[in-house]
Amino acid sequence: MARTWIQSLIKAFYIAKKDAKVYYFKAPNFTYGLLMPVSLFIAFSIAGQINSSLIVSGLTSLVILFGTTSIEAVAVVLEKQTGTFERLLTAPVSFFTILFGKALAGLFFGLVLATAVLVPLTVISRTFIANPLLVFIAITFSSLTFSALGVLISAYAKWVPEAQMLSNFLRFPMAFLSGTFLPLELLPSQLGIIARFLPLTYSVEALRISINDSAPTITYLVDILILALFSFILLVAGSKVLQRRLE
Amino acid sequence: MPEVSNVYDEMSAWDNLVFAAELYGVPRSERGERAAELLKLFGLYERREDKVGNFSKGMKRRLTIAAALIHKPRIVFLDEPTTGLDVQSSRVIRALLKKLNESGVTIFLTTHYIEEADQLCQRIAIINQGKIVALDSPEKLKAKAEEQHVVEVSFSPSKDVEHQLKDLKYVSGVSRVGDKFRLYVEDASEAIPMLIDFCRRNNLKIVSINTLKPSLEDAFVKITGLSPEVMAIEKEHAKKGESLG
Chain A
1 MARTWIQSLI
11 KAFYIAKKDA
21 KVYYFKAPNF
31 TYGLLMPVSL
41 FIAFSIAGQI
51 NSSLIVSGLT
61 SLVILFGTTS
71 IEAVAVVLEK
81 QTGTFERLLT
91 APVSFFTILF
101 GKALAGLFFG
111 LVLATAVLVP
121 LTVISRTFIA
131 NPLLVFIAIT
141 FSSLTFSALG
151 VLISAYAKWV
161 PEAQMLSNFL
171 RFPMAFLSGT
181 FLPLELLPSQ
191 LGIIARFLPL
201 TYSVEALRIS
211 INDSAPTITY
221 LVDILILALF
231 SFILLVAGSK
241 VLQRRLE
Chain B
248 MPEVSNVYDE
258 MSAWDNLVFA
268 AELYGVPRSE
278 RGERAAELLK
288 LFGLYERRED
298 KVGNFSKGMK
308 RRLTIAAALI
318 HKPRIVFLDE
328 PTTGLDVQSS
338 RVIRALLKKL
348 NESGVTIFLT
358 THYIEEADQL
368 CQRIAIINQG
378 KIVALDSPEK
388 LKAKAEEQHV
398 VEVSFSPSKD
408 VEHQLKDLKY
418 VSGVSRVGDK
428 FRLYVEDASE
438 AIPMLIDFCR
448 RNNLKIVSIN
458 TLKPSLEDAF
468 VKITGLSPEV
478 MAIEKEHAKK
488 GESLG
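If you read the protein sequences in the order shown, they are chains A and B.
Numbering-wise (this note's numbering), the first sequence opens with residue 1 and increments by one.
Numbering-wise (this note's numbering), the second sequence opens with residue 248 and increments by one.
Hints were generated in silico from the structure; no laboratory data involved.
Model, not experiment: these values are computed from the prediction.
One should not assume that every hint holds.
Keeping only pairs whose Cα atoms sit at most 30 Å apart, straight-line, the calculated DSS-like set for lysine-lysine is [said to hold, decoys possible]: (1) B:K304 x A:K158; (2) A:K80 x B:K298; (3) B:K298 x A:K21; (4) B:K391 x B:K452; (5) B:K304 x A:K80; (6) B:K298 x A:K17; (7) A:K80 x B:K391; (8) B:K304 x A:K17; (9) B:K287 x A:K17; (10) A:K21 x B:K304; (11) B:K319 x A:K17; (12) A:K158 x B:K298; (13) B:K319 x A:K21; (14) A:K21 x B:K287.
Looking at chain A on its own, in the form it has when it is part of the complex:
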């Protein structure tokens, strides 16, 4: 049992490595992942006088969300369109492993994107990061969750534009409702409840805590746990959707 899990994990890693080689780390992927959230954030921070820890956590989470979901849409849907996805489906690898491999590539991509934003942003805003390890953990789980979200969308979509449209349908409301531009406490109570169902809320919260606190708080740990749970549920849902789409 444990051996099968390890083998699946290794194969997922190979799929991630292949995806990184084929689709990721090309200039357009970085620019879209960075430009859209940065522009959104600059517009709101100018208007709303947001404090520095909110800027760093909010913008980093947004960059991860936009970057990973955009690339996952390309990585899975494009493979389905070109027929190379068949290569993965005919190999002795489960649907879950394939999608986990895809999400794993997104995770690495998210880490790179987040670092590209976080480092200059902390320098410019003179933000002191209380615990870089906690930040790293928060970024890792956020990247995995948003990649899994992208994977679920692209398991359903037939074309890249369809995947992008569905991604935007989820990303933009999430960006406004998850405490990215405005602390959750300031949101109307009903919206605050909705925010608790959105993974971006936990990503922003975990990042904010890790920037301000040197030790992990209970809220931080719960946030990470919920992000892990979101990742798992989204990947399982993605596997089911893919299976249905292929029947």
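Position chain B relative to chain A; hints supplied.
Same frame as chain A, now just chain B:
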């Protein structure tokens, strides 16, 4: 292996094979050796570092087959391996398939090219409307069509006389193969004098005339009940696909 080559254009031939080996759990120590062996066998070793996007259709198809063999399977399913390829590439792939089969690999081949099935297969299943209507060796299948004779003839000047030929006595069907006409007759010895007479009446000169042994295609026509005309159309489509590759 599917009809369309599904290798990664953005990766090199070598990386494609190594990735396939990784997916199939080939031990790390054997991956390189196996990839090199297959690339040499399929004539791609010199181009191993090149991105597959720069390969021709035939080369991509060869690489797709090579990727399917990376884990040394005992049985391989090939779906239309030569569809859309040029004649040269098709021949190379057929030769490779023969070699593979001789090395002990069982090949399950799906094809619309009847000659290809005749050349490569030891047993053929003919599927009509989703059902297996015949399953035998090529020679035994051909024997089933032996009561029908085929006379192949070409005329000068080359004219479209297909409809007139169809109306001739003893002729049950006509198909056009390039500049030749294939006449399906019950008895060739009766049909040939009648054909000579037909030429005289129409001021045609016979350039070549042959009586053919029933081909697998004839057997196919007989077994499936498809008309020679439909077969000829299908064949033309298949040839177009081949020459376009």
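Hint by hint, here is what the structure shows:
In summary, the hint linking B:K304 to A:K158 is supported, as the alpha carbons are separated by about 25 Å, within the 30 Å threshold. At most 30 Å may separate the alpha-carbon atoms for a hinted pair to count; A:K80 and B:K298 meet this at roughly 20 Å. For the suggested pair B:K298 and A:K21, the alpha carbons sit about 12 Å apart, so the restraint of at most 30 Å is met. Of the pairs offered as hints, the one joining B:K391 and B:K452 is violated, with about 33 Å between alpha carbons and a cut-off of 30 Å exceeded.
At roughly 20 Å between alpha-carbon atoms, B:K304 and A:K80 fall within 30 Å of each other, so this suggested pair holds. For the hint linking B:K298 to A:K17, the alpha-carbon distance of about 17 Å falls within 30 Å, and the restraint holds. Under the criterion of a C-alpha separation no larger than 30 Å, the hint pairing A:K80 with B:K391 is inconsistent with the structure, at around 44 Å. Straight-line distance between C-alpha atoms of B:K304 and A:K17 comes to about 26 Å, which keeps the hinted pair within the 30 Å bound.
Of the supplied pair hints, the one linking B:K287 and A:K17 holds, its CA atoms being roughly 26 Å apart against a limit of 30 Å. Under the criterion of a C-alpha separation no larger than 30 Å, the hint pairing A:K21 with B:K304 is consistent with the structure, at around 23 Å. A hinted pair counts as satisfied when its Cα atoms are at most 30 Å apart, and B:K319 with A:K17 qualifies at roughly 24 Å. Restraint check for A:K158 and B:K298: satisfied, since their Cα atoms lie roughly 27 Å apart, inside the 30 Å limit.
With a C-alpha separation of about 26 Å, the suggested pair B:K319 and A:K21 falls inside the 30 Å cut-off, and the hint holds. This hinted pair checks out: A:K21 and B:K287 have alpha carbons roughly 25 Å apart, not beyond 30 Å.
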